[in-house]
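A.B. asks: Listed below are the residues making up each chain.
Number of protein chains: 2
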Amino acid sequence: MYKLIEVNTGVCSAQGFFSDGISAGLKADNAKDMAFIYSNKECEIASVFTTNKMTAAPIRHFRAKGEFKTNFVLINAKNANAMTGKEGIKDIDTILSTLPTELINPVMSSTGVIGVRLPQEKIIAGTKLFDLSKKEPNAAASAIMTTDSFSKQKAFRVELEDGSNFSIGAMAKGAGMINPAMATMLCFITTDADVSKEEMQEILDSVTVTTFNAASVDGDTSTNDTVMLLSNKTSGVHNREAFKVALEKIMLFLAREMVRDGEGATKLVTYKVTGALNNQEAEVVAKALSNSLLVKTALYGEDPNWGRIASTVGASGVAADEETLSISFNDLCVYEKGKLLFDEKMEEEASKIMKLSEFTISCDLGLSDGKFTSFGCDLGYEYIKINADYRT
Amino acid sequence: MYKLIEVNTGVCSAQGFFSDGISAGLKADNAKDMAFIYSNKECEIASVFTTNKMTAAPIRHFRAKGEFKTNFVLINAKNANAMTGKEGIKDIDTILSTLPTELINPVMSSTGVIGVRLPQEKIIAGTKLFDLSKKEPNAAASAIMTTDSFSKQKAFRVELEDGSNFSIGAMAKGAGMINPAMATMLCFITTDADVSKEEMQEILDSVTVTTFNAASVDGDTSTNDTVMLLSNKTSGVHNREAFKVALEKIMLFLAREMVRDGEGATKLVTYKVTGALNNQEAEVVAKALSNSLLVKTALYGEDPNWGRIASTVGASGVAADEETLSISFNDLCVYEKGKLLFDEKMEEEASKIMKLSEFTISCDLGLSDGKFTSFGCDLGYEYIKINADYRT
Chain A
2 MYKLIEVNTG
12 VCSAQGFFSD
22 GISAGLKADN
32 AKDMAFIYSN
42 KECEIASVFT
52 TNKMTAAPIR
62 HFRAKGEFKT
72 NFVLINAKNA
82 NAMTGKEGIK
92 DIDTILSTLP
102 TELINPVMSS
112 TGVIGVRLPQ
122 EKIIAGTKLF
132 DLSKKEPNAA
142 ASAIMTTDSF
152 SKQKAFRVEL
162 EDGSNFSIGA
172 MAKGAGMINP
182 AMATMLCFIT
192 TDADVSKEEM
202 QEILDSVTVT
212 TFNAASVDGD
222 TSTNDTVMLL
232 SNKTSGVHNR
242 EAFKVALEKI
252 MLFLAREMVR
262 DGEGATKLVT
272 YKVTGALNNQ
282 EAEVVAKALS
292 NSLLVKTALY
302 GEDPNWGRIA
312 STVGASGVAA
322 DEETLSISFN
332 DLCVYEKGKL
342 LFDEKMEEEA
352 SKIMKLSEFT
362 ISCDLGLSDG
372 KFTSFGCDLG
382 YEYIKINADY
392 RT
Chain B
2 MYKLIEVNTG
12 VCSAQGFFSD
22 GISAGLKADN
32 AKDMAFIYSN
42 KECEIASVFT
52 TNKMTAAPIR
62 HFRAKGEFKT
72 NFVLINAKNA
82 NAMTGKEGIK
92 DIDTILSTLP
102 TELINPVMSS
112 TGVIGVRLPQ
122 EKIIAGTKLF
132 DLSKKEPNAA
142 ASAIMTTDSF
152 SKQKAFRVEL
162 EDGSNFSIGA
172 MAKGAGMINP
182 AMATMLCFIT
192 TDADVSKEEM
202 QEILDSVTVT
212 TFNAASVDGD
222 TSTNDTVMLL
232 SNKTSGVHNR
242 EAFKVALEKI
252 MLFLAREMVR
262 DGEGATKLVT
272 YKVTGALNNQ
282 EAEVVAKALS
292 NSLLVKTALY
302 GEDPNWGRIA
312 STVGASGVAA
322 DEETLSISFN
332 DLCVYEKGKL
342 LFDEKMEEEA
352 SKIMKLSEFT
362 ISCDLGLSDG
372 KFTSFGCDLG
382 YEYIKINADY
392 RT
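If you're matching them up, the sequences are chains A and B in order.
For the first sequence, our numbering assigns the number 2 to the initial residue and increments by one for each residue that follows.
For the second sequence, our numbering assigns the number 2 to the initial residue and increments by one for each residue that follows.
A hint or two may mislead.
Identical copies look the same in the list; a pair holds intra-copy or inter-copy alike.
What the hints assert, rightly or not - Here are the simulated DSS-like cross-link-like pairs (lysine-lysine), alpha carbons at most 25 Å apart as the crow flies:
id : residue 1 : residue 2
1  : K386      : K356
2  : K338      : K87
3  : K54       : K91
4  : K273      : K250
5  : K386      : K353
Calculated directly from the structure, the hints in this document are not laboratory data.
None of these values were measured; they are calculated from a predicted model.
All chains should be built: construct the whole structure from the sequences, respecting the hints.
C.D. replies: Shown next as structure tokens:
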């Protein structure tokens, strides 16, 4: 048995972790735009990166190092250091070489515009403002935001039956280019639990499938997506089950918050697909629904247009049949195995559900027991506004 | 040798074909909403239908008839007769049974809202208004429109060297749910060329790949997509090459017009992908580009954001490398094999191209000789407006 106690100290929740955000002049108006995470002991690292073939320089830089431990992560917003070729890698080397030499294998993570070299001087000047004794998780979480409208953090202290405890905390940014295959999202998780690199990686991989990879804002997968999990093992406490549950709660919360804060999003919708031939087919349907423009615009219009749900299921390419399909908005079944249930009264009830800021659309394909749950948002004018002229 | 002479008589261009559109009260304001195509001789039929598993009733009805010839197609807008189960099929039987008995195997085609039974009485009353001696292709082309802002027709008289000739003409509707795998689009093509059913089908299948299936408005594939090609062989003239070229010109024109008239679209963009490992991978990239929300909103913002193009190529899952990739807007190369070419002067030039209503984005993957060309449009406020509350 174990207890999860929520704390509000983000990536500084675990013992020995420090973090802060500062302004290096990358964003306008002196907004915070650079952050660090520092541990007073070196950390094991588990990570998940984008599947995009145009992998950004910081990820290629990280991978080229092979196996290593670190105690320092430098993060900048506003410039993704993507499509910058060998120069992009060199820029990271240059920047990291100016950091205090006592830092162990410092790594860098970036988010922002693609195809522009990092403003090295500003970033190097920014690192001089870092105070490694600071525990300012809120400042760090704000600094890594791009088009996010609020910062995203979650942390738990995990108390075990024997009185021992460990902590795990995270910050994330999301908003655009969010897609089931990892998106312009960065997430940094710190823990003092005593978990090995292998165990962390295994748990991180499995939890990613149902959390970040089940979340979609716009179906575009970015060049920079990163989830980094750092463990300094300071607590000396090991409990795989409790660690996995805490990590899953954190990642699920952050994935949902990212979708809720999707560019221009006004609704968080859970797509619960059941009855598919197998879990893979259920996943295809759940992601087709969360990515369909016609579904997303109907959500924005608060229009209970179940026909578009059905059409999207049919278009997804998996086994499906209108005679076995059922569709519900929350607990209201609007279409059941070939029967048209929709009348004026039901439309009224369904419309009420569509006005909620959070609800579930369930699709039972009625074929077998494959299931998957994804998260999506609506798409409205604000998304267009944000994305029609992002760079300027 | 042969000559293609464009004519403006749409589906009535070929000998023996008649067509008209009338108002049956399905659309508001007495707008035309029902059309017919009639041939005074029975026709061979070639067809391509949606890949959506929730196939609409008219398509299932058509398929259930097996091999047949027809001389009459009844088309209605405003109601798709999709997700209507066995009742939807029965409704078609009822409606067709009220038509004059001298018509040969009449078929029906529908477009509009999903999940509502056809208003049988209105439709039957509408058919009583049909005058089979009318040649009003413009009225028919208007009647089949849903959210289209203009009607779409194209026709040629094809003159052969020996003085003989045949004609081929078409009408189409598009606008939303347009996707590479056939979309809420209907297209009816009539010809008096002497082509066999097998030959027509073979040519239609091959031409569909590079025309309608290369066009995307929103990546959603509808339940009702239909391309129907009717030949009454009245001209007695057979020339496979001339027929194929004319059909291809017609379908390519209509596919591009559909995208140009995509819901809320202000630009028609051609994505020319070359240098992929093979044609299949090129097709994946070309379609990923025409479907990417981030690319589409950048187009709408007239923002030459080539980084999103690169990121979408990378996210498409095919073999790609930033060191071999090149990207051009029309003839302006903005990124070449790992070299960042973009500066202020180039941005100015690129911005001018982005303001055009029609231009080409080329991506050379630089790996091998695979190629594919797709067509897409931008996505702006108007798309949201149209789709946020389509049913009401």
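A.B. asks: If a hint holds in the structure, say so; if it does not, say that too.
C.D. replies: Here is what the structure says about each hint:
{"no.": "1", "hint": "K386 x K356", "verdict": "both (22 Å within a copy, 17 Å between copies)"}
{"no.": "2", "hint": "K338 x K87", "verdict": "between (56 Å within a copy, 12 Å between copies)"}
{"no.": "3", "hint": "K54 x K91", "verdict": "within (20 Å within a copy, 51 Å between copies)"}
{"no.": "4", "hint": "K273 x K250", "verdict": "within (18 Å within a copy, 44 Å between copies)"}
{"no.": "5", "hint": "K386 x K353", "verdict": "between (27 Å within a copy, 20 Å between copies)"}
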